[in-house]
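Asker: Protein chains in written order, with my numbering: chain A, 1 to 323; chain B, 1 to 323.
Certain hints may be false.
Any copy will do: because identical chains look the same in the list, a pair fits if it lies in one copy or spans two.
Claimed, not checked - Listed below are the simulated DMTMM-like cross-link pairs for lysine to aspartate or glutamate, each with C-alpha atoms no more than 20 Å apart in a straight line: (1) 59 <-> 186; (2) 198 <-> 250; (3) 316 <-> 73; (4) 308 <-> 175; (5) 42 <-> 317.
Everything labelled a hint here was simulated from the structure, so no lab data went into it.
Number of protein chains: 2
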Amino acid sequence: MSRKYEELYQAIKSSSNIMIVPHKYPDGDALGSSLAIYIALKRMGKNVWLISHTPIPSKYAFLSENYTFLPLELVPSDLDLIIGVDCADKERLNLSDDYLKRAKKVVNIDHHVTNDQFGSINIIQPVAATGEIVVDIFDDFGFEIDKDIATCLYTAIATDTGNFMYSNTTQNSFEKTARLFNTGFEFVDIARRLFLEKSLAQTRLIGLAISKMEMFQDEKIALITVMKDDMTQVGAKEGDCETLVNIAVDVETVQVAIFIREITKSFFKVSFRSKGDVDVAKASQVYGGGGHKNAAGCAVNGDFETVKQNVISLVKDMFFKSE
Amino acid sequence: MSRKYEELYQAIKSSSNIMIVPHKYPDGDALGSSLAIYIALKRMGKNVWLISHTPIPSKYAFLSENYTFLPLELVPSDLDLIIGVDCADKERLNLSDDYLKRAKKVVNIDHHVTNDQFGSINIIQPVAATGEIVVDIFDDFGFEIDKDIATCLYTAIATDTGNFMYSNTTQNSFEKTARLFNTGFEFVDIARRLFLEKSLAQTRLIGLAISKMEMFQDEKIALITVMKDDMTQVGAKEGDCETLVNIAVDVETVQVAIFIREITKSFFKVSFRSKGDVDVAKASQVYGGGGHKNAAGCAVNGDFETVKQNVISLVKDMFFKSE
Numbered sequence: 001m002s003r004k005y006e007e008l009y010q011a012i013k014s015s016s017n018i019m020i021v022p023h024k025y026p027d028g029d030a031l032g033s034s035l036a037i038y039i040a041l042k043r044m045g046k047n048v049w050l051i052s053h054t055p056i057p058s059k060y061a062f063l064s065e066n067y068t069f070l071p072l073e074l075v076p077s078d079l080d081l082i083i084g085v086d087c088a089d090k091e092r093l094n095l096s097d098d099y100l101k102r103a104k105k106v107v108n109i110d111h112h113v114t115n116d117q118f119g120s121i122n123i124i125q126p127v128a129a130t131g132e133i134v135v136d137i138f139d140d141f142g143f144e145i146d147k148d149i150a151t152c153l154y155t156a157i158a159t160d161t162g163n164f165m166y167s168n169t170t171q172n173s174f175e176k177t178a179r180l181f182n183t184g185f186e187f188v189d190i191a192r193r194l195f196l197e198k199s200l201a202q203t204r205l206i207g208l209a210i211s212k213m214e215m216f217q218d219e220k221i222a223l224i225t226v227m228k229d230d231m232t233q234v235g236a237k238e239g240d241c242e243t244l245v246n247i248a249v250d251v252e253t254v255q256v257a258i259f260i261r262e263i264t265k266s267f268f269k270v271s272f273r274s275k276g277d278v279d280v281a282k283a284s285q286v287y288g289g290g291g292h293k294n295a296a297g298c299a300v301n302g303d304f305e306t307v308k309q310n311v312i313s314l315v316k317d318m319f320f321k322s323e
Numbered sequence: 001m002s003r004k005y006e007e008l009y010q011a012i013k014s015s016s017n018i019m020i021v022p023h024k025y026p027d028g029d030a031l032g033s034s035l036a037i038y039i040a041l042k043r044m045g046k047n048v049w050l051i052s053h054t055p056i057p058s059k060y061a062f063l064s065e066n067y068t069f070l071p072l073e074l075v076p077s078d079l080d081l082i083i084g085v086d087c088a089d090k091e092r093l094n095l096s097d098d099y100l101k102r103a104k105k106v107v108n109i110d111h112h113v114t115n116d117q118f119g120s121i122n123i124i125q126p127v128a129a130t131g132e133i134v135v136d137i138f139d140d141f142g143f144e145i146d147k148d149i150a151t152c153l154y155t156a157i158a159t160d161t162g163n164f165m166y167s168n169t170t171q172n173s174f175e176k177t178a179r180l181f182n183t184g185f186e187f188v189d190i191a192r193r194l195f196l197e198k199s200l201a202q203t204r205l206i207g208l209a210i211s212k213m214e215m216f217q218d219e220k221i222a223l224i225t226v227m228k229d230d231m232t233q234v235g236a237k238e239g240d241c242e243t244l245v246n247i248a249v250d251v252e253t254v255q256v257a258i259f260i261r262e263i264t265k266s267f268f269k270v271s272f273r274s275k276g277d278v279d280v281a282k283a284s285q286v287y288g289g290g291g292h293k294n295a296a297g298c299a300v301n302g303d304f305e306t307v308k309q310n311v312i313s314l315v316k317d318m319f320f321k322s323e
């Protein structure tokens with residue numbers, strides 16, 4: 001057992017009252033990893049409180065069918081241990097210094113290399129998902145990984161690796177997931193929920209977006225626009241727009257995909273996606289936005305037709321001028 | 001080394017001229033596994049011919065960028081060894097008895113439990129993909145698995161497991177894939193090509209199909225119809241229809257998805273998909289079709305409106321009568 005793991009093990013062993021905290025606006029990794037730890041500690045006979053600062057996204061509701069993520073207010077004040085899970089920094093742990101003083105120790109289990117080491121015990125490993133670290137810790141401690149815990153940790157690893165397709169995926173992601181497969185957990189059902197199922201409104205919105213998709217520059221540029229009326233027409237919610245730009249960038253000829261969404265009549269959110277070396281962060285920076293080489297965004301003021309023409313011209317001039 | 005592996009190793013060692021045969025109408029597993037074996041045997045200094053009875057689907061064209069799948073006619077007649085890869089039976093190997101007599105031995109490497117053992121050496125293991133067996137054989141033989149071979153074997157395992165989401169996926173699928181990850185192969189690019197990218201026509205066809213999708217029985221039944229005119233309108237090809245029924249079954253409320261495709265004005269192909277215990281093979285059997293519990297199909301004669309009404313009534317009566 002490494003020194004860090006030994007420290008964590010002793011801290012758990014000597015604690016009675018333990019609180020587990022996923023980062024605010026929790027994703028599959030934060031929820032799955034923290035719930036796995038909750039189940040294991042309950043089995044050890046500890047008093048454990050699992051909280052969430054913000055609501056659980058409906059996509060992950062299946063995780064909390066048998067377990068409840070409590071609001072912070074319901075946790076008693078005499079804690080021995082606070083375990084932050086998948087929190088890259090103290091801000092995402094979202095607990096005041098006064099609150100942290102209630103506990104004898106604060107554990108910080110996370111996979112972000114930029115982690116600010118807010119804990120008294122910091123277990124930070126640069127892997128794709130915190131779930132991978134939890135598998136490792138459980139095996140090291142000899143904690144049983146059964147069906148319920150495997151469900152949580154598969155959700156953690158599979159979501160943070162984009163179903164094993166994001167570039168953060170490593171040998172370790174596959175090895176730790178392999179480790180979960182002898183438990184007989186219902187991975188087909190869970191994979192369906194996580195990666196395939198959509199609401200009817202989301203499906204209708206995809207249909208509408210494709211029907212409105214425009215192609216430019218020999219099908220190297222694709223534009224999808226969604227107006228407020230479109231959202232109303234199909235009964236879509238705010239979050240239903242999130243992945244629409246992927247439909248455009250997944251067209252095989254496309255090098256730059258643009259997604260324009262109407263917020264008000266004169267204010268639009270613009271997302272860019274690209275393939276290979278086309279650096280769309282440069283395009284978003286023109287409008288004061290940010291992002292990465294292959295995924296960036298900005299906000300633009302103006303009337304729709306002007307915004308649209310300006311954004312298309314910008315992309316054409318910036319990336320396809322020589323053609 | 002197991003006796004079977006030892007037999008295979010000796011057969012390869014004592015052979016100079018070797019032909020490798022993926023099953024006809026090859027998929028990602030057949031192509032990836034057979035190309036991996038081709039590369040390894042070439043490196044051993046063997047004379048190797050890799051054939052394909054039928055064209056390579058464009059989705060897998062990247063595999064043959066540096067390698068050519070030859071037509072059978074270009075293979076010389078003096079062979080020492082024929083290796084059938086991912087061929088569940090002699091029919092899919094697609095070689096006459098006379099042809100097989102050209103070789104001293106026939107090796108049969110496959111993962112279908114129903115395999116008819118057509119080889120003189122049969123290596124049949126009930127795993128999700130033949131690619132998993134090839135990883136095991138190469139490690140056993142001490143063959144180097146580098147970037148090129150990892151590309152082939154990842155394609156084999158990832159496609160046959162539906163990107164690790166089909167129910168055939170096991171601990172072994174993840175372990176064998178993990179094994180490929182220390183080679184630095186471009187898995188993000190390959191995963192994109194295999195699972196995300198679509199032609200513009202395929203994307204337009206999805207949009208059109210969603211816009212025409214009809215819901216019945218409190219959104220538990222979804223119907224998608226594609227007519228010949230729809231195909232023409234978006235420039236879609238025959239194969240572009242294949243996965244459209246999934247869009248309907250992936251709507252979270254849907255229990256039965258129906259896909260009707262016009263072949264002629266009075267002849268239609270009908271596909272059914274279902275979730276959980278709803279056995280749609282029963283519905284396809286009414287029209288003399290077949291399939292499995294959750295995926296079945298049949299062909300139906302009649303004019304479109306009659307066919308459509310009859311199929312919907314059938315599904316309602318068979319699965320939702322008590323509601």
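Asker: Hints the structure violates: just list their numbers, smallest first.
Answerer: 3, 4, 5
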